[in-house]
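S.K.: Protein chains in written order, with our numbering: chain A, 1 to 305; chain B, 1 to 369; chain C, 1 to 324; chain D, 1 to 438.
Among these hints, one or two may not hold up.
Said to hold, decoys possible - Straight-line Cα separation of at most 20 Å, EDC-like style, residue types lysine to aspartate or glutamate; simulated pairs: (1) D/K436 - A/D169; (2) D/K436 - A/E81; (3) D/K348 - D/D123; (4) D/K417 - A/E81; (5) D/K348 - C/E94; (6) D/K177 - D/E300; (7) D/K391 - D/E171; (8) D/K436 - D/D393; (9) D/K241 - A/D169; (10) D/K361 - D/E186; (11) B/K7 - B/D29; (12) C/K269 - D/D36; (13) D/K352 - C/E94; (14) D/K430 - A/E68; (15) D/K425 - A/D76; (16) C/K66 - D/E225; (17) B/K121 - B/E176; (18) B/K91 - C/D214; (19) D/K435 - A/E68; (20) D/K435 - A/D76; (21) D/K339 - D/D36.
What the hints assert, rightly or not - Have a look at the derived ranges for each label pair, beta carbon to beta carbon: (22) C/L134 - D/A323: 42 to 50 Å; (23) A/D209 - B/E176: 42 to 50 Å; (24) B/S39 - C/R30: 44 to 52 Å; (25) A/A224 - B/Q134: 30 to 38 Å; (26) B/S39 - C/L35: 48 to 56 Å; (27) C/L180 - D/Q286: 52 to 60 Å; (28) C/L134 - A/L222: 54 to 62 Å; (29) C/R14 - A/L103: 32 to 40 Å; (30) C/L42 - A/L218: 48 to 56 Å; (31) B/P239 - A/R22: 42 to 50 Å; (32) A/L218 - C/V40: 19 to 27 Å; (33) A/A205 - B/D221: 37 to 45 Å; (34) D/E186 - C/T95: 37 to 45 Å; (35) A/Q154 - D/Q286: 23 to 31 Å.
Think of the hints as simulated: they come from the structure by calculation, not from any bench. Where is the CB? At the ideal position from N, CA and C, for every residue including glycine.
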Amino acid sequence: MTAITSLPRRAARFGGPTYDERNALVLIAPLATVLFAVAVFPILYSFYISLYGLKLTRPHRVPFVGLENYVTVLTDPQFWEAVGRTAAFSVMSVAAVAVIALLAALLLNEEFPGRRVLSAVLLVPWAIPYVANALMWKWIYDSNYGALNGLLYQLDFINSYMVWLGDADKTLALIANAFVWKEVPLAVILLLVGLKTIPADLYAAAKVDGANALQRFLHVTLPALKSSFALVIVYETMMAIRHFDLFFILTEGGPGDASHVVAWRIYVETFRNLNFGLGAAMSYILALATLALAYAVIRALAQRI
Amino acid sequence: MARITFKAVTKRYAGDVVAVRDLDLEIFDKEFVVLLGPSGCGKSTTLNMIAGLEEVTEGELWFDDEIVNTLPPHRRDVAMVFQSYALYPHKSVYENIAFGLRMRRVAAEEIDRRVRDAAAKLEISHLLQRRPSQLSGGQRQRVALGRAMVRQPAVFLMDEPLSNLDAALRISMRAEIKHLHTAMQTTFVYVTHDQAEALTLADRIVVMNDGVIQQIGAPDDIYERPRNTFVASFLGNPPINYLDGTIEGADGAVSFRRGGMRVALPPALAARLRGSPGREVKLGIRPEDVSRHGLGAETPAMEGIVDTVLPVGSDRFLGLKVEGCDVFVRVDKQAHHREGEPVRLALVPERLHVFDKASGLSLLADGAP
Amino acid sequence: MAGPSMADPTAAARAVRQARIRSRAGRVGRGLILLVASLVFLGYTLAPVVWLVSSSLQNEREIVSKPPHWIPHEPTLENFAAIFTAREKTVTYETRRAADPASGGFIPSTASNLLPALGNSLIVACAVVVLNLLVGVPSAYAMAKIRFRGRSASIYGILATRVIPDIALVVPFFLFIRNLGLLDSLWSLIITYLAVTVPFSVFILVSYFESLPDELDKAARVDGCSRWQTMTKVYVPLALPSLVAVMLFAFLASWNEFLLALMFTQTPKSQTLPIIVASFTSDFTISFSFINAAGVLAIVPPVLLALIFERYIVSGLTAGAVKG
Amino acid sequence: MSKSSALSRRSFLKTSASGLVAASTVGRAGAALAADPIHFATWSAAVDTVKSHIAGFEAKTGLKVDYSNTPWAQFRETMITKFVGGAPIDTLWVSDSWLPEWAEAGWIKPVDQYKALTAYNDDVDKFCVDSMSYQGKQYGITYYTDFMGFIYNEDMLKKAGLSAPPTTWAEVIDQAKTIKSKGLAEYPLLVPMAQETWLIEFISALVFSHGGRLVDDKGNAVMQEGGAAQALNLLVDAVQKHKVVSPSCVETGELAALKSFSAGQHAFGLIPKYRLRTLNDPKQSQVAGHAKIALMPKGEKGSHATVGWMRFYGMTPRAQADATRAANTVKLMEWFGGKADGEYRFQKLLFKDVGAGFGVKSLFKDPEMRAAYAAYGDVDLIGKQQGLALKKDVVTPWFGEWNDVNGSAWQQAILGKVTPDQALKNSAAKWTSLKKQG
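Using the sequences plus the hints, can you model the full thing?
M.R.: Spelled out as structure tokens, the structure:
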């Protein structure tokens with residue numbers, strides 16, 4: 001009974017970890033460790049590298065250059081051209097993904113025989129690796145034996161085989177097409193998840209109010225899909241900005257610099273020219289721009305919803 | 001088998017939101033205590049602290065002679081029934097009931113015996129192999145009870161267990177829970193916002209508001225002698241009526257006065273208020289504490305105009321205008337008042353409540369100002 | 001309008017009949033639209049893959065036909081046979097193939113790397129899946145069900161790591177992996193893929209766990225579960241669709257990853273399937289049909305998995321399906 | 001930040017950077033066991049020939065060779081990643097283009113101390129020894145040497161009524177237009193311009209034959225003027241004005257070019273000379289017997305000059321870090337680059353199998369080799385052209401970085417995205433800035 005007067009050690013303290021907090025800490029520790037080691041640390045290290053003139057072909061001279069790498073990148077007109085191409089590629093791709101995915105999601109949200117088959121088929125592009133996707137389209141676009149030429153020729157749309165990826169005016173759009181084909185399924189899934197959460201009552205109510213199919217779509221479906229749609233836009237923009245695999249396999253930034261996007265530029269600067277410092281600076285700029293963009297989009301959408 | 005003691009317990013959430021403030025409470029072994037209050041009053045937090053689901057921020061929580069502030073729920077001998085029943089959707093009814101015993105490594109035969117026993121008592125033996133999703137609300141409720149029962153815990157906690165049931169079922173379940181308490185001979189702590197449940201079930205009621213205990217007492221005690229206007233209002237249906245007014249202390253008699261209305265106060269109150277004429281108070285009159293009979297010159301009475309008449313079968317409710325205030329009273333059904341008619345009703349002096357207008361505290365209670 | 005037609009029985013009958021015709025026309029129209037839309041959708045999605053498969057079944061002569069043979073005239077499994085029987089054999093002066101590979105139609109000596117690469121891809125993807133669960137489930141449970149300071153900040157922090165493009169992380173990743181001495185080892189891929197996939201897994205799981213009622217958590221703990229047992233005995237079984245979705249996402253992401261593998265692997269010992277396949281695409285000496293066969297090999301496992309677990313994908317992402 | 005901490009951090013970074021290069025070599029130096037094979041990396045050429053010669057080596061010495069090959073298009077990048085990551089490589093094929101870069105970075109080491117290798121210097125063309133020397137040190141032993149040839153399809157010319165191949169670029173364009181007008185080929189002239197490792201050799205051949213240089217003797221860029229400018233203008237006109245070169249040339253690499261020339265789709269082509277062997281092999285080519293070599297056409301102020309190149313066996317610091325390993329590696333390098341069992345067996349095999357040119361002077365007199373040559377080529381003309389082959393003038397430590405920019409500049413001009421002048425100015429500017437950085 002003496003215990004009654006002795007205050008328990010932690011009872012009156014506010015600020016120390018509670019039992020639950022200690023539990024949470026233990027449960028989260030593995031994740032925190034992994035993310036710190038393989039995400040946070042590299043991100044910080046990357047910044048550190050970007051302050052040096054680290055060039056691997058010149059391993060014995062590594063001068064501290066401060067922000068010079070950043071100045072070099074930001075004052076390089078070719079970098080800005082690459083930014084323009086990345087922007088063009090992203091806008092093209094995201095717009096196409098959004099439209100196609102919306103149509104496909106509306107289709108798959110209907111009940112009809114064969115719907116299950118369609119939604120299974122939908123997953124095929126999503127599941128295949130980007131590398132396989134790239135080689136598939138490379139083969140389709142092949143100017144000598146490709147399916148695209150073959151099809152258009154057989155349908156009499158063209159008189160002779162055309163050059164596709166080698167045509168600087170078409171390259172970016174063709175790569176975007178390959179990207180869109182692969183990205184649509186995930187967007188459809190995200191939109192379907194959104195569609196599933198719309199209560200059937202809403203449609204019934206709109207019907208009772210005399211809304212036709214188009215009105216129901218505009219006034220019930222679209223507003224309810226807003227957050228899923230926002231997610232699709234943000235996610236696909238992130239994916240498009242950073243996309244690398246298709247550029248690597250389809251064009252290597254060419255022809256000329258027609259598909260020389262920022263991600264490709266970082267790769268070339270880093271792993272071909274071995275300018276690790278400059279590459280890290282460029283990476284940092286891209287990362288910050290992506291973060292800012294994501295933040296801005298999410299903020300803008302959060303305010304509207 | 002367990003006495004629960006709160007000593008100056010405070011629960012604070014991040015952002016300095018205080019859920020429970022400076023709580024002192026002793027719950028005796030085998031007692032049935034109901035924590036009563038509106039939502040957000042801290043009653044569920046208090047219950048969760050007993051269960052160990054939430055940690056005490058300041059102060060001490062005792063189970064018998066042991067401080068359990070930091071003891072996690074699985075090391076406390078408590079069982080709990082939830083408002084949503086919280087049955088495990090992926091387990092059969094049998095497994096739901098058995099789960100707590102399995103976690104405590106009770107022998108298999110013993111588990112089986114206890115589960116079947118409880119199921120028989122609760123008349124759900126035929127449901128043991130079903131999944132929760134295949135049960136009705138009432139059946140789920142019984143499974144939830146069974147799950148707690150088989151544990152034979154030192155403390156039995158219930159968090160609004162009847163709120164999701166329809167009215168008829170709720171009343172019959174009240175009786176069952178009462179029986180359960182008698183049968184189990186263990187400490188029950190029951191949280192509800194329904195005063196009728198509290199009044200029916202409790203040995204003692206703890207009324208809470210804004211994280212602070214307003215009053216602790218037996219149901220009658222609380223109903224008859226509310227310590228303040230909050231408690232007075234929270235119990236009783238329809239709720240108590242208040243008339244604001246002043247104390248008059250002429251010729252040795254002490255009375256309440258509002259406009260043309262004067263009510264002589266009973267001796268106990270009069271004795272307390274003799275010295276403070278002109279004091280602003282609230283007069284509390286419960287709807288049932290009026291009578292059409294026994295009206296004499298000396299009996300305190302209330303006059304008003306009938307505003308509405310609501311027959312409810314056994315009784316009749318009248319909405320009156322008394323000195324500019326709305327007052328709701330219950331009269332026997334022989335009263336044939338019509339709207340717009342003046343009426344005069346006798347008040348039962350010893351059932352009148354007088355509260356300090358500013359603090360809301362009862363002027364009858366111990367230590368009242 | 002309803003008044004007079006009700007008064008006149010024949011008019012009412014006519015109105016009913018018209019309404020029926022209209023609705024039947026509407027149904028037929030809807031069916032037609034759905035059919036056309038389905039066919040367009042099917043064509044758009046499947047045609048490229050069908051063409052890939054078709055050309056993997058053609059021989060070198062047929063594949064360079066103009067216009068292309070959409071369906072192989074003489075289908076052959078020789079490319080696949082080459083993949084599955086390829087092994088290093090000793091070449092002597094006498095048995096060497098004198099022709100230059102440059103003349104094409106050639107099955108590269110690296111074909112024998114395809115099967116080991118398939119194995120590497122499988123090992124990496126499975127390890128990443130398992131680690132995702134081991135690391136992701138506890139933290140997702142903690143974030144969804146335990147109240148602690150900095151909880152929402154940690155969720156945003158975790159997601160923020162994924163906003164940064166992989167290409168921006170390659171250099172520090174590379175140096176990190178190199179300093180650990182893990183270059184050209186499967187561990188380099190497992191560790192980095194884990195970091196790349198786990199934020200998304202945690203995000204899915206947190207939303208799913210959050211949609212499961214809190215009272216289940218309380219009930220389990222009062223029933224005698226520690227936090228860990230609550231998670232394993234109650235939440236994990238209930239979150240099955242979500243877990244399957246997470247596993248599938250992690251598997252596919254690891255199976256498909258290219259950039260990091262390109263940087264971290266150097267020999268067939270650790271190279272994954274995309275790396276070997278990609279190396280074929282820039283090698284013009286290799287038969288087109290063989291490259292396509294390698295592509296088919298790379299898409300079969302993930303596509304099969306996706307089709308098997310198809311029903312979990314939407315349900316795993318749709319939180320809140322369970323009621324207590 | 002205090003000075004000392006800045007310094008120590010810098011030195012940390014420096015250490016990690018040089019560590020990147022040297023880690024494996026130092027770290028694994030002592031681990032050379034007898035069972036550890038010699039790691040030999042090549043690009044994917046003559047794979048069977050190499051394998052058979054390795055089999056011979058293993059049989060003779062009892063040593064094991066771990067052989068790996070990577071497509072030529074990815075070879076430099078793959079090797080660099082391996083160097084940086086410390087993957088085990090002992091000897092590998094190196095292009096003369098990369099020598100300064102790789103030597104500066106310390107990825108390959110001089111072999112002057114291995115007399116078994118330097119002993120062959122007198123036997124090979126001086127061009128070869130020069131091409132594998134950097135700053136007075138020799139970095140290997142010859143793999144093969146060759147030059148860019150001007151190949152024509154004799155059959156097609158005859159059908160077009162042309163009696164002789166062109167000798168100037170103006171004639172090339174004229175003849176091509178004739179062939180095109182007769183419908184014999186849509187794009188009679190083949191100039192592979194894809195961004196790949198061969199690109200600099202195609203560009204150099206065009207520039208040298210126009211009497212131009214990319215870089216002068218002092219190492220300053222002259223690629224924006226004179227013969228270089230004429231060469232690009234000619235090519236741009238050929239694509240855009242005369243339409244005798246396909247605009248898809250920017251996605252046509254050397255191998256694709258070989259395939260389409262051997263399919264009979266072109267009259268003229270810039271093709272490495274050794275491909276004559278494949279082009280005239282009926283099993284591999286539809287134009288067998290018709291593919292002939294002519295002297296590189298002259299530009300206005302030019303000569304018949306072309307570009308020559310050489311590839312060699314380089315040796316890594318890893319191989320040299322351990323005496324036994326070094327000795328074994330040298331044995332393998334000699335087996336391939338020098339004599340095997342007393343004869344230049346691999347050079348002969350290579351020449352017979354794929355036609356690759358040899359640097360060994362005495363082999364020109366070998367009757368067996370002469371006969372093989374004569375089967376598809378004019379030996380004297382080949383000798384004359386070889387004499388007119390110039391070394392690439394852009395081979396510097398910053399070659400790789402400039403090459404990317406230069407390649408896309410040429411491509412952009414060909415595609416009409418920028419004027420040839422502007423393209424060359426961009427390229428020259430890049431050169432100048434890289435040269436300044438050193």
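S.K.: Against this structure, judge whether each hint is valid.
M.R.: For each hint, the structure was consulted:
no., hint, verdict
1, D/K436 - A/D169, "35 Å, violated"
2, D/K436 - A/E81, "24 Å, violated"
3, D/K348 - D/D123, "15 Å, holds"
4, D/K417 - A/E81, "13 Å, holds"
5, D/K348 - C/E94, "14 Å, holds"
6, D/K177 - D/E300, "19 Å, holds"
7, D/K391 - D/E171, "26 Å, violated"
8, D/K436 - D/D393, "17 Å, holds"
9, D/K241 - A/D169, "19 Å, holds"
10, D/K361 - D/E186, "41 Å, violated"
11, B/K7 - B/D29, "17 Å, holds"
12, C/K269 - D/D36, "16 Å, holds"
13, D/K352 - C/E94, "13 Å, holds"
14, D/K430 - A/E68, "18 Å, holds"
15, D/K425 - A/D76, "16 Å, holds"
16, C/K66 - D/E225, "43 Å, violated"
17, B/K121 - B/E176, "10 Å, holds"
18, B/K91 - C/D214, "17 Å, holds"
19, D/K435 - A/E68, "18 Å, holds"
20, D/K435 - A/D76, "17 Å, holds"
21, D/K339 - D/D36, "24 Å, violated"
22, C/L134 - D/A323: 42 to 50 Å, "48 Å, holds"
23, A/D209 - B/E176: 42 to 50 Å, "47 Å, holds"
24, B/S39 - C/R30: 44 to 52 Å, "48 Å, holds"
25, A/A224 - B/Q134: 30 to 38 Å, "32 Å, holds"
26, B/S39 - C/L35: 48 to 56 Å, "54 Å, holds"
27, C/L180 - D/Q286: 52 to 60 Å, "54 Å, holds"
28, C/L134 - A/L222: 54 to 62 Å, "41 Å, violated"
29, C/R14 - A/L103: 32 to 40 Å, "38 Å, holds"
30, C/L42 - A/L218: 48 to 56 Å, "27 Å, violated"
31, B/P239 - A/R22: 42 to 50 Å, "46 Å, holds"
32, A/L218 - C/V40: 19 to 27 Å, "23 Å, holds"
33, A/A205 - B/D221: 37 to 45 Å, "52 Å, violated"
34, D/E186 - C/T95: 37 to 45 Å, "41 Å, holds"
35, A/Q154 - D/Q286: 23 to 31 Å, "25 Å, holds"
The structure shown violates the earlier hints numbered 1, 2, 7, 10, 16, 21, 28, 30, 33.
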